[in-house]
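A.B. asks: Listed here are the chains, written in short residue letters.
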Amino acid sequence: MPSIHCAARTAVRTVFALLAAVALTACDSTALQFRNTDITGANFGTDFSLLDPEGNTRSLSDFRGKAVMMFFGFTQCPDICPTALSRATEVRKLLGDDGQHLKVIFVSVDPERDVPEVLKAYTAAFDPDFLGLYTSVENTRKVADDFRVFYRKVPTGGSYTMDHTATSYVYDPQGRLRLAVSHQSSAESIAADVRILLQTASSRP
Amino acid sequence: MKMKIVASLFATLVSSATLAQVAVTDPWVRATVPQQKATGAFMQITAPADARLVEARSPVANIVEIHEMVMDKDVMKMRAISGIDLPAGKAVELKPGGYHVMLIDLNAQVKEGDVVPLTVVIEGKDGKRESIELKAAARPLNSSGVMPMHKH
Chain A
412 MPSIHCAART
422 AVRTVFALLA
432 AVALTACDST
442 ALQFRNTDIT
452 GANFGTDFSL
462 LDPEGNTRSL
472 SDFRGKAVMM
482 FFGFTQCPDI
492 CPTALSRATE
502 VRKLLGDDGQ
512 HLKVIFVSVD
522 PERDVPEVLK
532 AYTAAFDPDF
542 LGLYTSVENT
552 RKVADDFRVF
562 YRKVPTGGSY
572 TMDHTATSYV
582 YDPQGRLRLA
592 VSHQSSAESI
602 AADVRILLQT
612 ASSRP
Chain B
14 MKMKIVASLF
24 ATLVSSATLA
34 QVAVTDPWVR
44 ATVPQQKATG
54 AFMQITAPAD
64 ARLVEARSPV
74 ANIVEIHEMV
84 MDKDVMKMRA
94 ISGIDLPAGK
104 AVELKPGGYH
114 VMLIDLNAQV
124 KEGDVVPLTV
134 VIEGKDGKRE
144 SIELKAAARP
154 LNSSGVMPMH
164 KH
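Top line first, the protein sequences correspond to chains A and B. Residues 412 to 616 (our numbering) make up the first sequence, in order. Residues 14 to 165 (our numbering) make up the second sequence, in order.
Treat the hints with care, as some may be off.
DSS-like cross-link-like pairs, simulated, lysine-lysine; straight-line CA separation at most 30 Å [to be verified]:
hint : chain 1 : residue 1 : chain 2 : residue 2
1    : B       : 103       : A       : 504
2    : B       : 50        : A       : 531
3    : A       : 531       : B       : 124
4    : B       : 86        : A       : 553
5    : A       : 531       : B       : 108
6    : A       : 564       : B       : 124
7    : A       : 564       : B       : 103
8    : B       : 86        : A       : 564
9    : A       : 514       : B       : 124
10   : B       : 148       : B       : 124
11   : A       : 553       : B       : 50
12   : A       : 514       : B       : 148
13   : B       : 108       : A       : 564
Part of the chain B face toward chain A, derived, beta carbon under 7 Å [stated by the list, open to error]:
hint : residue
14   : 46
15   : 48
16   : 76
17   : 154
18   : 155
To be clear, the hints were calculated from the coordinates, so they are not data collected in a lab. Beta carbons are placed, not taken as given, at the ideal position from N, Cα and C, and that holds for glycine.
Model the full structure from these sequences, guided by the hints.
C.D. replies: So, in structure tokens, the structure goes:
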């Protein structure tokens with residue numbers, strides 16, 4: 412047991428060191444006020460190169476100046492994807508005028524079926540400002556791995572469905588990954604956190 | 014739930030004597046965008062005696078399955094299941110985040126406001142099967158299922 416305690420203490424020290432480093436570099440005293448999971452300093456999901464439905468290559472830096480909420484899913488999903496996107500619609504409403512400073516991105520884990528027209532119509536059904544992104548089947552796996560997103564095809568009745576990570580990610584306007592948002596999080600909690608990210612960004616010199 | 018009462022008007026129940034009191038309320042289908050080939054149907058079912066939902070059919074889809082959504086840590090999984098138990102007198106909900114009827118290989122886009130014919134097959138303890146014909150209203154793709162009549 413002592414070794415476990417020792418390891419735990421080391422881990423705690425490491426976490427404190429990391430937090431201190433983050434606080435120093437980001438001058439961010441609001442880090443502990445988030446209602447969703449703070450993953451500031453995460454070394455994954457730093458950027459992507461994906462296609463929008465018009466065929467343009469998009470990367471995270473295209474949205475600098477806006478908070479970004481990103482979710483991986485597929486359009487044939489009857490349940491959790493529409494729920495997550497409806498929640499994102501609600502978050503933008505709760506933000507009022509600040510809603511325009513939140514970009515919502517839906518990344519397909521099913522590019523074989525989520526052809527550009529379907530992807531575009533699907534995201535637009537929630538909010539015309541939402542952006543659906545995709546890439547080749549091979550690159551989809553790479554991007555998902557980069558973002559620690561799991562997905563898997565599951566055969567069902569002559570067709571297939573997808574198991575996939577239901578977590579949404581939130582980036583601050585500087586393009587840094589800040590929050591992991593559970594599928595159970597409320598629109599209110601996300602809106603509150605996004606507001607902090609937007610205010611922190613705008614108050615910075 | 015006033016909404017449920019209002020929405021239950023959409024439900025047309027045709028059932029026979031043995032299961033005359035199986036109540037299906039608020040059946041709805043999530044609308045799709047063109048070329049989207051699958052969607053979900055939701056409802057509440059209350060059986061007077063222990064029974065089981067064993068099958069669903071609809072002319073709008075070539076394949077209809079009963080699915081369960083489960084979360085494995087942060088991963089969403091959907092699985093076809095053989096049926097859903099309907100304990101006597103208990104309202105069993107098919108709703109986002111739980112059970113749904115999966116409509117696969119749709120023949121056409123399901124548009125908001127469409128009325129989607131749906132048949133659910135309920136099996137009693139005695140093994141007798143009864144079909145209940147429903148007319149499910151197609152709600153907008155962005156319906157949460159919590160506020161059925163909510164429009165944006």
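A.B. asks: Take the hints in turn and mark each one as holding or not.
C.D. replies: Now for the hints, and whether the structure bears them out:
Between residue 103 of chain B and residue 504 of chain A the CA atoms are separated by roughly 36 Å; this puts the pair beyond 30 Å, and the hint is violated. Our distance criterion of 30 Å between C-alpha atoms is met by residue 50 of chain B and residue 531 of chain A, whose separation comes to about 15 Å. At roughly 17 Å between alpha-carbon atoms, residue 531 of chain A and residue 124 of chain B fall within 30 Å of each other, so this suggested pair holds. A distance of roughly 22 Å separates the Cα atoms of residue 86 of chain B and residue 553 of chain A; the hinted pair therefore holds under the 30 Å criterion.
At roughly 26 Å between alpha-carbon atoms, residue 531 of chain A and residue 108 of chain B fall within 30 Å of each other, so this suggested pair holds. For a cut-off of 30 Å, the pair hint linking residue 564 of chain A to residue 124 of chain B stands: about 27 Å separates their Cα positions. Using a Cα cut-off of 30 Å, the hinted pair residue 564 of chain A and residue 103 of chain B is violated, with the two alpha carbons roughly 34 Å apart. For a cut-off of 30 Å, the pair hint linking residue 86 of chain B to residue 564 of chain A stands: about 18 Å separates their Cα positions.
Straight-line distance between C-alpha atoms of residue 514 of chain A and residue 124 of chain B comes to about 27 Å, which keeps the hinted pair within the 30 Å bound. This hinted pair checks out: residue 148 of chain B and residue 124 of chain B have alpha carbons roughly 14 Å apart, not beyond 30 Å. Under the criterion of a C-alpha separation no larger than 30 Å, the hint pairing residue 553 of chain A with residue 50 of chain B is consistent with the structure, at around 26 Å. For the proposed pair residue 514 of chain A and residue 148 of chain B, the alpha carbon gap of about 38 Å is over 30 Å, so the pair is violated.
Taking the CA atoms of residue 108 of chain B and residue 564 of chain A, the gap is near 23 Å; set against the 30 Å cutoff, the hint holds. Given hint, residue 46 of chain B at the interface with chain A, holds; its Cβ is 4 Å from that chain's nearest Cβ, closer than 7 Å. For residue 48 of chain B, the suggested interface contact is upheld, since its CB lies about 5 Å from the closest CB of chain A, less than 7 Å. Proximity of residue 76 of chain B to chain A holds as hinted, the smallest CB-CB distance being about 4 Å (cut-off 7 Å).
The restraint placing residue 154 of chain B at the interface with chain A holds, with a minimum CB-CB distance near 4 Å, inside the 7 Å limit. For residue 155 of chain B, the suggested interface contact is upheld, since its CB lies about 5 Å from the closest CB of chain A, less than 7 Å.
Of the numbered hints stated above, those contradicted by the structure are hints 1, 7, 12, listed in ascending order.
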